[in-house]
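*Asks:* Chains as they are written, first to last, in our numbering: chain W, 1 to 366; chain B, 1001 to 1366; chain P, 2001 to 2366; chain R, 3001 to 3366.
Source of the hints: derived by calculation from the structure; they are not laboratory data.
We treat Cβ as the ideally placed atom computed from N, Cα and C, and that holds for glycine.
Honestly, I wouldn't trust all of these hints.
Said to hold, decoys possible - Taking beta-carbon pairs under 10 Å as the criterion, some of the chain B residues facing chain P (in silico):
no., residue
1, GLY1031
2, VAL1111
3, LYS1112
4, GLY1115
5, PHE1174
6, SER1177
7, ALA1179
8, PRO1181
4 protein chains.
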Amino acid sequence: MNTFGINYKVTLIGSSHGNMVGVVIDGVPSGEQIDTQQIKQELKYRRPGQSDVTTDRDEKDELIIESGILNERTTGEPLVAYVRNKDIDSSYYDEIKNTPRPGHADYPAFVKYKGANDYRGGGRFSGRMTVGLVIAGNIAKQILFKSGIKFVAYSKEIGEISGSEEKYNLQESFIYSDANPVRVADPDIIMPVQTKIVSMKDEGDSVGGIVECQITGLQVGLGEPFFDSIESRIAHMIFSIPAVKGIEFGSGFNAARMQGSQHNDQYYVDPQGVIKTKTNNAGGILGGLSNGMPVVFRVAFKPTSSVSKDQTTVNTETMQESHLKVRGRHDPCIVPRAVPVVNNAAACVLLDLVLEGKKTDLEGVN
Amino acid sequence: MNTFGINYKVTLIGSSHGNMVGVVIDGVPSGEQIDTQQIKQELKYRRPGQSDVTTDRDEKDELIIESGILNERTTGEPLVAYVRNKDIDSSYYDEIKNTPRPGHADYPAFVKYKGANDYRGGGRFSGRMTVGLVIAGNIAKQILFKSGIKFVAYSKEIGEISGSEEKYNLQESFIYSDANPVRVADPDIIMPVQTKIVSMKDEGDSVGGIVECQITGLQVGLGEPFFDSIESRIAHMIFSIPAVKGIEFGSGFNAARMQGSQHNDQYYVDPQGVIKTKTNNAGGILGGLSNGMPVVFRVAFKPTSSVSKDQTTVNTETMQESHLKVRGRHDPCIVPRAVPVVNNAAACVLLDLVLEGKKTDLEGVN
Amino acid sequence: MNTFGINYKVTLIGSSHGNMVGVVIDGVPSGEQIDTQQIKQELKYRRPGQSDVTTDRDEKDELIIESGILNERTTGEPLVAYVRNKDIDSSYYDEIKNTPRPGHADYPAFVKYKGANDYRGGGRFSGRMTVGLVIAGNIAKQILFKSGIKFVAYSKEIGEISGSEEKYNLQESFIYSDANPVRVADPDIIMPVQTKIVSMKDEGDSVGGIVECQITGLQVGLGEPFFDSIESRIAHMIFSIPAVKGIEFGSGFNAARMQGSQHNDQYYVDPQGVIKTKTNNAGGILGGLSNGMPVVFRVAFKPTSSVSKDQTTVNTETMQESHLKVRGRHDPCIVPRAVPVVNNAAACVLLDLVLEGKKTDLEGVN
Amino acid sequence: MNTFGINYKVTLIGSSHGNMVGVVIDGVPSGEQIDTQQIKQELKYRRPGQSDVTTDRDEKDELIIESGILNERTTGEPLVAYVRNKDIDSSYYDEIKNTPRPGHADYPAFVKYKGANDYRGGGRFSGRMTVGLVIAGNIAKQILFKSGIKFVAYSKEIGEISGSEEKYNLQESFIYSDANPVRVADPDIIMPVQTKIVSMKDEGDSVGGIVECQITGLQVGLGEPFFDSIESRIAHMIFSIPAVKGIEFGSGFNAARMQGSQHNDQYYVDPQGVIKTKTNNAGGILGGLSNGMPVVFRVAFKPTSSVSKDQTTVNTETMQESHLKVRGRHDPCIVPRAVPVVNNAAACVLLDLVLEGKKTDLEGVN
């Protein structure tokens, strides 16, 4: 099934080399003011061909909203929005039909669909499907912003280069500035990271990295115990993004090496009379619920699978070993373009949980 | 909502200090042979008070199956099964009602439910809720076993001690033997890990660790693209287990530091004529689908939050800083008891996906 | 799947001749005051053996609440409640295993489950499963009552006898009085209906009838367009009750014979300044939404299928024609006992929709 | 929520006077051959302006398939298809914004959405939304046809005129012939029904009717007990079609006036060795499951609410009584155009249940 969410239901439509890619959203609260300019802006941050660290596939990704927004307000109808696929070159995919690319979904998809799926350009498995997440996420963010909920994401680490937190600038205007095509938070590492990625591109290789996302302004108690914990829902969503290999919240894997007395975040009352914790190892979440501190999580991205170096594969018809150099236009590092995807994917989840919370609110029924 | 799964729907019932904890499962295929002895066995591996590395709360956790199995065969009805709570001492919880324990869900749950929830013993947030996962998971495993699908989990690392893979013994009989109460795979680290945990208990502190789970025998193509990817579903489930801080598949966070040419698993044909990969950085999953290699994932557990050392908190009535030493009986390390939970939680997910796959199978409708 | 509802999720558990029958409810708002005495009372109205117009199976149906209510308040946990099956006589069912009873689910269930289901006493297909609906519905009614939403149901017609509306007494105290075991609204037809049913019992035959349900106090705009229309949801629920053959809202089938100018309910403003309609052909629903008038629907019940007269069937082993007189204890007319079932089943639906409405409420998110 | 189905998930998109109306279908089995010509044909049967008994709104309703079908085979992606709205005249709807039309959703929708919804032409409440059901249903029918499952629907009664069953011609070629614009089964009543409808149009009034649908070729045991009974699911779907006031299966409301000995369908073995019943009061369904006989149900449609006769309403701004003659182009009788809608809506449900059945099939998992 291609739908995520219980209350804010996001269905991804289209495929990489089909007519379009986009989204249908059911459960959009009606009457909400939406600035479509912001959606377009965010699509640009995700767009291929935006800088020298991204793929050369050139898609303008112009937003078409078929229904659900009238005069910049949501109507409550299912919202249908997409961008057209234009710069398509599918010729290559027929060529490699029987020689699955290592690291791609080609082989299991071939077995699963017996050839019936639209395999061109990765089809439904393509990172291009995340266009729909960006659209749905930005709408969610605009709705949540009115309640003071904000999202920021950035490249925490690329090609083993990570900056120092003291120098972080988490302003959106900095992260998404043209001068920072790699979307890092520490200005000093823009150049080394950019150089690293371009060198990978030149070598026909690729490199991975880590995106961190921070969410502030959540009310205490948001989320549900167990299966609808904030972590469960965010992790579910994030692992649907292609190339993700891991996710951790707060102290994350480091927690495994700590002692309880050290890991527990001690409570205090801040000058505004708000209960806070001195550290944030919990990553803002206890028992699946928001404790009022920033929700923090990190996502590991593998290096892009499309590399033009020689690789060994198997011809599925002849069952003979075969060799392959992946052609086509590909990102040497997906991390910079993944930043707005992670950010917006998280927003879809949070709006879903906020709507869920409205139902379970004590004052609600009576 | 307290339900997980689309086809094999698991609802956790009860609470830590209520009458019972257990599970209702809707969607159990009918006519399946189930050995209830195996469920009981697995509950023992999760049971508190089983060894000196676990809590002293003594629960026999005797399985009661109210419906859904008749003469050791599933009937297709919702399966209702639980264990009674017996060794309950709730007195302590009233005492700490207004002084939320650091690291526990107390504070956000208090705000969320305004006191209406059953907070005793952690209520719905207690690790005791995982009894239902073990029951549901074991039934799933018995059904999946007939198709050759097998699960193994073990403590990969506890208190910074990890063994060496060459010495691994992944036989269930070893992992769950009485001589291996810490559930590690390398026999040489049983003793040091056990010593570490007991020393934590003595100090009134706790320690975290990592559980690894491996799943073999999956058919190629199992899983769905995007939101129902194997990773998405497993991660969703796993993060509902209390104390989990991170999850990674295959190369995991390490992938962020690799290059594509090195990370891509190269294909070959094995002597039996099966297509395999030389490495398994993918962790058995490409594009959300099984590629036939073992599915491998690791789960980071934080150190148990209940430590008897002095901690700072806030009295939610007076809004004054307050101090707290958590009393009660608690695990100094949750990892050994988490091993069967991770194992069985994963089985619930896999059966759900296998049933899903039956629907989308090409030959199916006609 | 055995679950109904999106927000107030009702799962029926148990089976007719198993240990128990009951319900698990997920999504119960927490902190709601529940008078368990009322649930018990309503179970009595549904109980077999309550009068001479019902079956002789004698079940006390004593309510057991395992979790979800603590000190007469809902905790927000899944609510688990059931009654034990006691007066079970399953011997007969083995006897008729291969000769499916006409009008019962025996034959298709046998084919579907290949004998794996618990067929005794109708198993999952038994009217006894509605115990869970009564429990879940009464809890829903108690929650909805605080918002002024009320339900009344009664036998509109039994064995072709229907009373006259001018004489109707729709007080619950009258409908459920001991003097009115047939649950009609017109006092003058109690006796003839009772006589009719008893005569059927004596003949070893049965008779059908119609239940009407009225729901008042709904806010204007409740419900959703299309698939979650009030009618869609109520009809879905009602057809899950065994023996239902039809449902109609407002003018119902009669609407097919009317003209638009006559059928349209004209608006006016009542003395309290409330917009109302002069007639109620709409049955309180327009476009799937409540228009503020009473929601009115009627449900047709077939005559009970268990009759002791000689019937023709087929032996599924020998494939020879066979004869059968259904033995056992059965209701000569299910309608009186169906009254509280329809009433409470509708309440489950309405609470589900009220909770849904909270999410889509404009003021909600901000 | 605007989605129906668990396995074959149908989401209706667009609105009456928006850009388009259509459907997104998730869960379409991949690799199925689909003749798009058949979809187009069926849209013509539903199309406005097709004959003198329908509205004058002239929409060509040309099918656009954006994704999900490639080279006439389903790809397994969400299928996105719609028709553009062209002949739109919305001027009238602003005029009547504050004077809700009797019998329409105007008033409750106004209260619910506080003016945020796209009310033009009935918006989401318009019968035009059923375009999506016809598209989704036809695709379902084409898939089901390969398993021998067939659907026929026709106007059983219009304006109190019903034919005689002996004369029925249930061939699709007859029901949908140009000579039979009223879609009846008895050739002798084509003319009187047509005359009746045209006279209503001339009077500015409208008339209701009944559609019957028959489904053959279902395997015994299809469907699920209780909430997913065939009746529950079909009724849920059918009541989402605008103007429906009632539904009944088999003997329907008539069952309420029968005795059990008479109502029970007796079994026999037909010459081909198949178990059948002598009568079909069950309407092909017992205990929610198919018993192998034709599934038969009837749907009551109210007379169209848009009549040009003088009606009384209330101005929601001034709260004064007001008068209204509905202008615009409307159907004097919706029944003929409802025939393909009922037919296809049922097909969506049946495919959903067939896919569900694959999961619960005993042989399935192993």
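*Asks:* Could you tell me which of the numbered hints above are not met by this structure, giving the numbers in increasing order?
*Replies:* Result: hints 2, 5, 6, 7 and 8 break, sorted rising.
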